[in-house]
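**Q** Protein sequence lines, in the order shown, are assigned to chains A and B.
Counting from 2, one number per residue, gives the positions in the first sequence under the numbering used here.
Counting from 10, one number per residue, gives the positions in the second sequence under the numbering used here.
It cannot be assumed that every hint is accurate.
[To be verified] Examples of chain A residues toward chain B, derived with CB under 10 Å:
| no. | residue |
| --- | --- |
| 1 | Thr4 |
| 2 | Arg72 |
| 3 | Ala128 |
| 4 | Gly136 |
[Unchecked claim] Distance ranges between label pairs, derived from CB positions:
| no. | chain 1 | residue 1 | chain 2 | residue 2 | range |
| --- | --- | --- | --- | --- | --- |
| 5 | A | Glu86 | B | Gly230 | 34 to 44 Å |
| 6 | B | Glu329 | A | Ala18 | 24 to 34 Å |
| 7 | B | Pro192 | A | Arg74 | 49 to 59 Å |
| 8 | A | Glu75 | B | Thr286 | 46 to 56 Å |
| 9 | B | Leu152 | A | Thr134 | 52 to 62 Å |
Bear in mind the hints are in silico, worked out from the structure with no lab data behind them.
Virtual Cβ for every residue (Gly too), placed ideally from N, Cα, C.
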Amino acid sequence: MTTRSSLTLTVNGTDHALELDHRTTLLDALREHLGLTGSKKGCDHGQCGACTVLLGGRRVNACLTLAVQVRGREVTTVEGLGTPEDLSPLQEAFLECDALQCGYCTSGQLVSGVAVQQEAADGWPSAVTEDLTAGLSGPVVLDDAEVRERMSGNLCRCGAYRGITAAVLA
Amino acid sequence: MKELRYEAPADVAAAVALLSRPGARAIAGGTNLVDLMKLGVETPDLLVDVDALDLAGVEDTADGGLRIGAGTRNSDLAADPRVRSRYPVLSRALLSAASGQLRNAASTGGNLLQRTRCSYFTDTSKACNKRVPGSGCPAVEGLSRGLAVLGTSEHCLATHPGDMSVALAALDAVVHAETPDGPVEIPLVDFHRLPGDAPQTDTVLPAGSVVTAVSLPPSRGVSTYRKARDRASYAFALVSVAAVLEVEDGVVRDVRIALGGVAHKPWRATLAEQALTGQPATAESFRAAADAELAQATPTAQNAFKVPLARRLVVGTLLELTGADL
Ligand SMILES: Cc1cc2nc3c(=O)[nH]c(=O)nc-3n(C[C@H](O)[C@H](O)[C@H](O)COP(=O)(O)OP(=O)(O)OC[C@H]3O[C@@H](n4cnc5c(N)ncnc54)[C@H](O)[C@@H]3O)c2cc1C
Ligand code: FES
Ligand code: FES
Chain A
2 MTTRSSLTLT VNGTDHALEL DHRTTLLDAL REHLGLTGSK KGCDHGQCGA
52 CTVLLGGRRV NACLTLAVQV RGREVTTVEG LGTPEDLSPL QEAFLECDAL
102 QCGYCTSGQL VSGVAVQQEA ADGWPSAVTE DLTAGLSGPV VLDDAEVRER
152 MSGNLCRCGA YRGITAAVLA
Chain B
10 MKELRYEAPA DVAAAVALLS RPGARAIAGG TNLVDLMKLG VETPDLLVDV
60 DALDLAGVED TADGGLRIGA GTRNSDLAAD PRVRSRYPVL SRALLSAASG
110 QLRNAASTGG NLLQRTRCSY FTDTSKACNK RVPGSGCPAV EGLSRGLAVL
160 GTSEHCLATH PGDMSVALAA LDAVVHAETP DGPVEIPLVD FHRLPGDAPQ
210 TDTVLPAGSV VTAVSLPPSR GVSTYRKARD RASYAFALVS VAAVLEVEDG
260 VVRDVRIALG GVAHKPWRAT LAEQALTGQP ATAESFRAAA DAELAQATPT
310 AQNAFKVPLA RRLVVGTLLE LTGADL
């Protein structure tokens with residue numbers, strides 16, 4: 002019985018050849034096998050968002066994604082957003098808006114925030130978008146209520162939500 | 010989790026053949042299956058990756074409806090221009106569910122087949138007739154606040170927890186699947202079962218099948234979805250309502266209402282629909298229709314609040330669709 006597979010994970014533009022047990026989640030592959038510990042394990046059940054990464058440019062919970070299903074697709078983690086010397090605009094905004102306290106949720110918030118900005122630019126509606134057809138011809142304009150709804154998959158135990166919302170809007 | 014094999018089948022026939030083996034499970038987004046594997050509730054020894062089948066995409070059908078491939082992601086379906094303009098109840102239901110991350114991973118097929126969130130089902134240290142047939146249902150005397158009030162049995166109070174299927178029930182959607190005996194089409198309202206004395210079986214889909222698509226008939230009337238829950242976002246429904254309404258000269262010509270969070274299946278409120286058809290589109294007839302449906306409720310002490318909640322949600326949703334000032 003073959004319970005492991007050889008596969009290539011493409012993370013932040015770099016290919017990694019791995020041999021993984023099929024039970025390995027993308028989150029464990031990143032943290033335990035590739036040493037990329039920016040993505041955090043909060044709940045391991047899709048309930049907190051600390052593990053959020055981009056898969057083919059779209060945000061997903063790495064804790065519920067099996068690594069074997071991700072072969073050949075581009076993964077972006079918080080390490081791929083910016084570097085300490087060259088922060089991304091959203092990372093700068095998090096600093097300016099005081100969008101964190103302990104920082105445990107922050108990498109997930111950052112990756113999710115980047116995706117929220119992209120989804121709005123693509124005209125995707127949310128549960129609080131009054132007119133579902135508004136974004137059909139252009140971007141959805143984000144405001145406080147839109148960001149709070151769209152970021153609801155990322156919990157922050159320190160309650161830094163005001164700063165996080167402000168940073169995503171900045 | 011126990012060790013398991015993984016296969017990416019080349020076509021639907023190969024997937025059905027693999028899924029007919031004991032211990033095999035289909036996996037799409039994995040957001041429900043992987044969760045339940047970590048909890049020891051699901052213990053497959055072979056995963057069949059239905060994402061390898063290229064079942065994603067939304068197409069127009071000849072009759073003016075839509076065909077939604079089973080691999081279509083919830084976020085793509087919610088954002089589809091045709092769904093947003095012609096089937097707003099479906100967009101709204103999808104957007105009310107889970108989180109942005111989960112909707113990107115969750116597939117149409119996986120969403121239909123997601124398991125209950127009953128806390129006894131997800132806790133392997135507890136009895137549960139759905140997980141271990143014959144072991145008992147502790148919810149009947151225990152924690153039932155979130156559980157069913159319609160179509161319950163003494164053996165199970167679990168609900169189908171999803172939002173998408175509730176909208177699909179109100180839209181008269183049809184599920185398309187490839188079974189070991191060939192292709193089948195199953196109306197969404199008949200797809201999920203009531204628990205009866207076999208709560209271990211969620212749906213009528215034969216074992217070994219692959220859901221390939223969901224089709225929608227042409228849109229009619231106006232529609233929307235409302236969901237009441239314990240927090241404003243990222244929570245399952247306590248009660249939800251999907252409604253499709255056609256009013257002409259102040260009279261209800263046609264109405265389709267489905268309730269979520271209240272039963273083992275998306276609950277099509279046929280008694281309410283019958284009571285309302287031909288009646289004036291007023292708060293009074295909406296209330297009478299809701300009462301006609303909810304008279305058959307069998308709540309527990311803990312979830313009795315769902316009955317008046319459902320009543321108010323039905324009335325509020327229909328009033329919203331008539332354009333009444335709320
Ligand atoms: C924290 C959290 C909150 C959530 N909140 C909500 C909510 O508010 N509302 C809501 O509706 N849902 C909610 N969900 C559930 C979510 O919508 C489902 O997990 C998701 O839709 C399942 O889709 P999937 O593709 O990931 O399925 P998978 O996990 O891959 O599969 C689920 C089941 O479907 C079977 N399956 C999948 N595809 C096929 C196919 N093509 N043919 C045959 N069988 C198939 C699998 O074998 C498995 O049994 C939530 C989930 C989480 C983790
Ligand atoms: S660790 Fe993945 S959502 Fe909490
Ligand atoms: S900053 Fe501590 S959990 Fe968010």
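**Q** Note whether the CB distance of glutamate 75 of chain A and threonine 286 of chain B lies within 46 to 56 Å or breaks it.
**A** Because 52 Å falls inside the window, the suggested range holds.
**Q** Is 24 to 34 Å respected by the C-beta to C-beta distance linking glutamate 329 of chain B and alanine 18 of chain A?
**A** 55 Å, violated
**Q** Please verify that hint: arginine 72 of chain A, Cβ, nearest Cβ of chain B, below 10 Å or not.
**A** 9 Å, holds
**Q** Would the stated hint for threonine 4 of chain A survive a check requiring a Cβ distance to chain B of less than 10 Å?
**A** 4 Å, holds
**Q** Regarding the hint that glycine 136 of chain A lies at the interface with chain B, is the smallest CB-CB distance below 10 Å?
**A** Status holds, d = 8 Å.
**Q** Does the closest beta carbon of chain B sit nearer than 10 Å to the beta carbon of alanine 128 of chain A?
**A** 4 Å, holds
**Q** Hint says 49 to 59 Å; check whether the CB-CB distance for proline 192 of chain B and arginine 74 of chain A agrees.
**A** Because 30 Å falls outside the window, the suggested range is violated.
**Q** Could you tell me whether the CB distance from glutamate 86 of chain A to glycine 230 of chain B stays inside 34 to 44 Å?
**A** Once the Cβ atoms are compared, 58 Å apart, the range 34 to 44 Å for glycine 230 of chain B and glutamate 86 of chain A is violated.
**Q** Has the hinted range 52 to 62 Å been met by the Cβ atoms of leucine 152 of chain B and threonine 134 of chain A?
**A** 41 Å, violated
In summary, the numbered hints that this structure violates are 5, 6, 7 and 9.
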